[in-house]
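Full structure from sequences and hints, please.
Letter by letter, the chains look like this.
Protein chains: 4
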Amino acid sequence: MLGRTSLFKYRPPVCSLPIRRLSNHPSGAVKTLKKPPNSILFVKKRNDDVVASALRDVAAHVRETYPGVQLFHEQDSNLPIGVEPWSSSDARSRPIDLIITLGGDGTILHASSLFKTGVVPPVLSFSMGTLGFLLPFNIDTFPQALDEIFTGKSEILERMRIACTFHRQDGSEMGGSANTAWQVMNEVTLHRGRSPHLNIIDAYVDGQHLTEAVSDGLILSTPTGSTAYSLSCGGPIVHPSVHSLLLTPICPRSLSFRSLVLPGSSRITLKINRGSRAPAEVSMDGQEACILQPGEFITVEASPHPVPCIKRSADLFTSRRDAEKERTIMGEKGGGDDWVRDINSLLQFNATFKNKHLATERL
Amino acid sequence: MLGRTSLFKYRPPVCSLPIRRLSNHPSGAVKTLKKPPNSILFVKKRNDDVVASALRDVAAHVRETYPGVQLFHEQDSNLPIGVEPWSSSDARSRPIDLIITLGGDGTILHASSLFKTGVVPPVLSFSMGTLGFLLPFNIDTFPQALDEIFTGKSEILERMRIACTFHRQDGSEMGGSANTAWQVMNEVTLHRGRSPHLNIIDAYVDGQHLTEAVSDGLILSTPTGSTAYSLSCGGPIVHPSVHSLLLTPICPRSLSFRSLVLPGSSRITLKINRGSRAPAEVSMDGQEACILQPGEFITVEASPHPVPCIKRSADLFTSRRDAEKERTIMGEKGGGDDWVRDINSLLQFNATFKNKHLATERL
Amino acid sequence: MLGRTSLFKYRPPVCSLPIRRLSNHPSGAVKTLKKPPNSILFVKKRNDDVVASALRDVAAHVRETYPGVQLFHEQDSNLPIGVEPWSSSDARSRPIDLIITLGGDGTILHASSLFKTGVVPPVLSFSMGTLGFLLPFNIDTFPQALDEIFTGKSEILERMRIACTFHRQDGSEMGGSANTAWQVMNEVTLHRGRSPHLNIIDAYVDGQHLTEAVSDGLILSTPTGSTAYSLSCGGPIVHPSVHSLLLTPICPRSLSFRSLVLPGSSRITLKINRGSRAPAEVSMDGQEACILQPGEFITVEASPHPVPCIKRSADLFTSRRDAEKERTIMGEKGGGDDWVRDINSLLQFNATFKNKHLATERL
Amino acid sequence: MLGRTSLFKYRPPVCSLPIRRLSNHPSGAVKTLKKPPNSILFVKKRNDDVVASALRDVAAHVRETYPGVQLFHEQDSNLPIGVEPWSSSDARSRPIDLIITLGGDGTILHASSLFKTGVVPPVLSFSMGTLGFLLPFNIDTFPQALDEIFTGKSEILERMRIACTFHRQDGSEMGGSANTAWQVMNEVTLHRGRSPHLNIIDAYVDGQHLTEAVSDGLILSTPTGSTAYSLSCGGPIVHPSVHSLLLTPICPRSLSFRSLVLPGSSRITLKINRGSRAPAEVSMDGQEACILQPGEFITVEASPHPVPCIKRSADLFTSRRDAEKERTIMGEKGGGDDWVRDINSLLQFNATFKNKHLATERL
Ligand SMILES: NC(=O)C1=CN([C@@H]2O[C@H](COP(=O)(O)OP(=O)(O)OC[C@H]3O[C@@H](n4cnc5c(N)ncnc54)[C@H](O)[C@@H]3O)[C@@H](O)[C@H]2O)C=CC1
Ligand SMILES: NC(=O)C1=CN([C@@H]2O[C@H](COP(=O)(O)OP(=O)(O)OC[C@H]3O[C@@H](n4cnc5c(N)ncnc54)[C@H](O)[C@@H]3O)[C@@H](O)[C@H]2O)C=CC1
Ligand SMILES: NC(=O)C1=CN([C@@H]2O[C@H](COP(=O)(O)OP(=O)(O)OC[C@H]3O[C@@H](n4cnc5c(N)ncnc54)[C@H](O)[C@@H]3O)[C@@H](O)[C@H]2O)C=CC1
Ligand SMILES: NC(=O)C1=CN([C@@H]2O[C@H](COP(=O)(O)OP(=O)(O)OC[C@H]3O[C@@H](n4cnc5c(N)ncnc54)[C@H](O)[C@@H]3O)[C@@H](O)[C@H]2O)C=CC1
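Protein chains in written order, with my numbering: chain A, 1 to 363; chain B, 1 to 363; chain C, 1 to 363; chain D, 1 to 363.
For the record, the hints were derived by calculation from the structure and aren't laboratory data.
Watch out, some of these pointers could steer you wrong.
Since copy identity is lost for identical chains, a pair holds within one copy or between any two.
[As the list claims (entries may be wrong)] Mimicking SDA-like on lysine to any residue, the simulated pairs with C-alpha atoms at most 20 Å apart in a straight line are: (1) Lys-153 - Thr-352; (2) Lys-45 - Ala-278; (3) Lys-45 - Pro-85; (4) Lys-45 - Pro-196; (5) Lys-45 - Arg-277; (6) Lys-45 - His-197; (7) Lys-45 - Ala-60; (8) Lys-34 - Val-50; (9) Lys-45 - Gly-275; (10) Lys-45 - Ala-163.
Quick caveat, the model's predicted, so the values are computed rather than measured.
What follows is the structure, given as structure tokens:
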């Protein structure tokens, strides 16, 4: 767990690569990268040989195919040839144009956390053979995926982040300065953690008292995070293009605490009630941040700095054929949404009871 | 129940009263009425003497205070003095600038249904002493409420509607013409109704197959409707400013069919599977519309014609004092949201278990 | 739908075949058939050629292998050689020692309904290649299954039924006589059915007012029925050996109506509230029974006549091998429970999210 | 948190006061105390002056009214006159005939834990002015409540306990001896506690693998505990007379993990999967017991030693009048169940949405 002060040292990095907005549709605007990246940051899962080897392959490919592109890695040992170490403190001096992650969903959450107080560069995410919610590309397709990026064909899904500030009982901000809001992709969680007792948290929306929660804790989630912890607590599945914040209770001592979907423009305050017997541990995307005592609070709102995630394009993924076929039947064309595929294949959404054939059972 | 053809005769009425957009915030833009209304349509609950008497009072007050305003009533008997009958077919010849409803939530749903294929004039809704989700004003405050409107002080909450078209197996539209989409404030419901058997419905989002639902039915709801039938089926509570469509199953034969919050820009198709043993009755805001047979489908998307609902202003409602007080504590000012009050007082949202005092119990 | 009076004509049939109780454990007592059956009633799914052909095979096998056993069929056309027609009214004159069903879960519900007012003979259920919750035997194994019965090796699971009586506003029983309680295996359902309005039902437990339900309806279910309609409405999964009654609401207008598991000894009354705008359609195991008007009520309690279901024995089912293996690991022996297998394979209970391999996805 | 070894030192105390079984009904048998108590153990909430003063009053009353009865207190300071200190280790030498608790639900859980490995004497529980689920008597009524006990009029509700043993990877029992099962009234909880990662737990029923849970944890609860933590996690409400064990997941990473109601005769094993990244903290009735590492497991079954709770009698509680009235209406007599009253008044069970009168709102 981080100490309180250590949380607030970070200065926002700069992303030099502008994103071109292709349409004016408020949510779900289609965007592409305006120009090819000059610098790439690799972020990978630790202690995994398959991932380390894949990194070497990708780095070698970039060096050969796109000479002149600077390569960085946020770890500092076992660097592949031509890749230099990089840390959050290098953000201004060594701006990043593209992040490439190799690993699981957690690797992308970690990449986002490297840019937790400012703009995030576009993220290209490779899975290592297993699907994930935030993982559009299979590692086998990396040459094509890179080609699309360098030729300006990639589309971007901006995944909302939420920005969180921590406050003392007197309202003053922990960490001192106003521009240190910590941003997360999935959620901020307040949890009783090691306390045997429930905690009491008051939730306010735009300054108005919403409710007093007596529970194991509360989750304030982005639409992206709706398929993470919030889902386990009974929350709905929210499409990443719906500009909103999701409030879901964790094991509330109440029969009537339903999930709330609040406007993306809301400012939400979660305050440990002074009568709470337990404090609340704060987790940011699953990473412990600090412990709030009674009277202390956090304030959360949509961040101005979403994560620009590069979307899978149709050609790179076989099962899109079927989607195409379906669309034709319904008399529609184009588009398609990885999200629909993912909630079905990853979450086994609405797996209807089937009177399966005994044959299957016997296999 | 309406026959199929009778549904599609309606021609959209015209609202002559423009609404001024006060800000550019995509959701929850603050709007006001640009000029005082020249014509008012009364919509009231039927067969209720208290409501009938209130209508007479309001009509008399308008005639005296705002002479020259034309008054209409969508019923044709027992009209108060100076009030003329009006029906949907009069919409073009006798445009309406303001609707005043007297009754419950159902009365507003009915007012919306009078303008189900086009623009709806702003709606001022009076409750008859009981609160309701769509009922900001208590009838006792009607002189002030009218004054605010005629002096241009009222603010408007645009409540999203969804537009629905009905299709035959070959895709052709029932009712014939493309501009007859039926619009609803709460939801479109497909339900097995009188059939003892479950039905099977395929749901598509933007032409992509989302899921096959084996259930009592499906609800496609607006945020406004999230506190109506969808809530009873386990759906989340969605703030009316979140531009989205909510898909909630009714008693699905599945352990894993969670509610989905889809982008407001989605186009959703619900098609009775050809293998479905039961047809599906379609209800629009609780009103039966038609029965879909296997192979037939509906298509739903956000309507371009929301319902402009006149919001309660702070001065007219006592309990706002408390909200004011809370905001001051949290160091915020202004605004306030009836929605927060309503989910607490009307839905008993998150009524925490209390070890109540025996004293209370004994009363 | 049945008329009210037609419901109550039935006279209870007699089962001549005593069941031997092997242990005194109140729930889950192990029982076997005391002597070989002298008469068998076939109940099969209608309009299905595969089922009709299977029936001919089974009937021929019984005639050859167990000569002297009387064979009946509750349908009266297309009877296989040596099989006579039988109807509920023959129950006294032509007692049944064993029921054999061929079809799905619905076929067993139908078999139970043939004996809806009295004792049910033991039931041997064959599935036609698809699994079902109430279907232990695959049709391919019928010679062995019959052999086990005639040699007294079969074990019996007594599935609780609930007995229901229908009452007028003045409390008098519809149908006239006290011994006409209608018994069901799954559940009694009260539903608004064709009414657009919610109904209001008062629930009483042992004469004490429990709650007033404003909803689409209520389900009063046996543990067997807990995996049927009640599950779709959010109810828990109750093991068939737990002597209890399950009350689950259907789409209640309440955030706080959780399922209740009541003692099997309870007497439950469901009464349409006099203020209810809608009546309630009563379904018994999915079969429409009657419509209750405001003031009318039903009374439900555990039936003294459960359904003796013949259990699958270990030798007849391959996948039991795995179960055996697991038990060995946990240091236990014997027994095993089809129920555990069924909730996993049929309901996909707790299908944990898996980051599936792309390989699988690609197939 | 207790160390592992300290858990297993306890030797079961003896209760000298036999309970007479009044009926043979398997669940909900009515029982009474056979003879007046010779010794009473007081258990009270700590650090509460009101409770301390009430204890002095009750102790004085018993000394005067029932001279010769030995009085004990499980705390050893501030003992009222005539009350001696007592601890679990005195259980054999100084047997207890009656426990009197003064405090909340937690005080009864604590009283049960004093007798966690053997028979528990009957418990008479006084609330200090607030209701509780396990608290039938208001402190104001203590003279009558005691009179009923000494004159043999009290009825007893036997609340099931579950007995739990802790096992190492090799199956050997922690603490060494087979008869040290720890018994709880509410539940055994396995929780990830301070770990940021989910744990993986395999659940077995009677040696058969039931499911692999990837979650924050699992709850194995008695019917009594169904209104405690399990309820917060979405579990059903189970009447205390239903002989069963309730398995409820805590925030499972699954859309399809519904609560299971298992037979009271089941033997359930919960084993930390060897692949689990996190261990599991075990809580017994909210009290931390130990931490299980991957491969370690607990085994749970119904305890032979339930908690005999003395029930509120009709005369002592005013609101019973209403219950009486209702019963008369339904044409039934007698009985009545505090449980029905409690789920309504304490849990606000099925608080139907009411369009409340503005008048109320204004108060
Ligand atoms: N009971 C639960 O469900 C809990 C869930 N979490 C979630 O874990 C996240 C942290 O993830 P890791 O660092 O990978 O921890 P982890 O290694 O413990 O894995 C958590 C799981 O969540 C998945 N996941 C992460 N983000 C997701 C998303 N947006 N949609 C769908 N699945 C997603 C991951 O693929 C992984 O399977 C937290 O942000 C929180 O949402 C954390 C604690 C408890
Ligand atoms: N099981 C259920 O919960 C069912 C609910 N309904 C709902 O009833 C609506 C029709 O309403 P009425 O014509 O008044 O029928 P109704 O007179 O049967 O009343 C339905 C109830 O819903 C309330 N309601 C309506 N719209 C609401 C909203 N947006 N938020 C919160 N509460 C709301 C009304 O105040 C009333 O209490 C439908 O649009 C549907 O949403 C319809 C059938 C079943
Ligand atoms: N929304 C829902 O889930 C609804 C469920 N039902 C259920 O259908 C039952 C009648 O069944 P059928 O005549 O076959 O009608 P059906 O042909 O409409 O099938 C209902 C489905 O329920 C399954 N089923 C039946 N009893 C079951 C049990 N005890 N456990 C698990 N699955 C079970 C059947 O295999 C079938 O897949 C009713 O007793 C009721 O429980 C009835 C209406 C709606
Ligand atoms: N998120 C949650 O709901 C959590 C609940 N708990 C529960 O707290 C219990 C321990 O209770 P305390 O020592 O008093 O801790 P506590 O002082 O933290 O209180 C827990 C609350 O649960 C209530 N309670 C206890 N047993 C109950 C029952 N059988 N039915 C209904 N309400 C009940 C108590 O009155 C109190 O309001 C545990 O056995 C566990 O069931 C423990 C942790 C989290």
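task = Report the numbers of all earlier hints that the structure fails to satisfy, in ascending order.
result = 1, 8, 10
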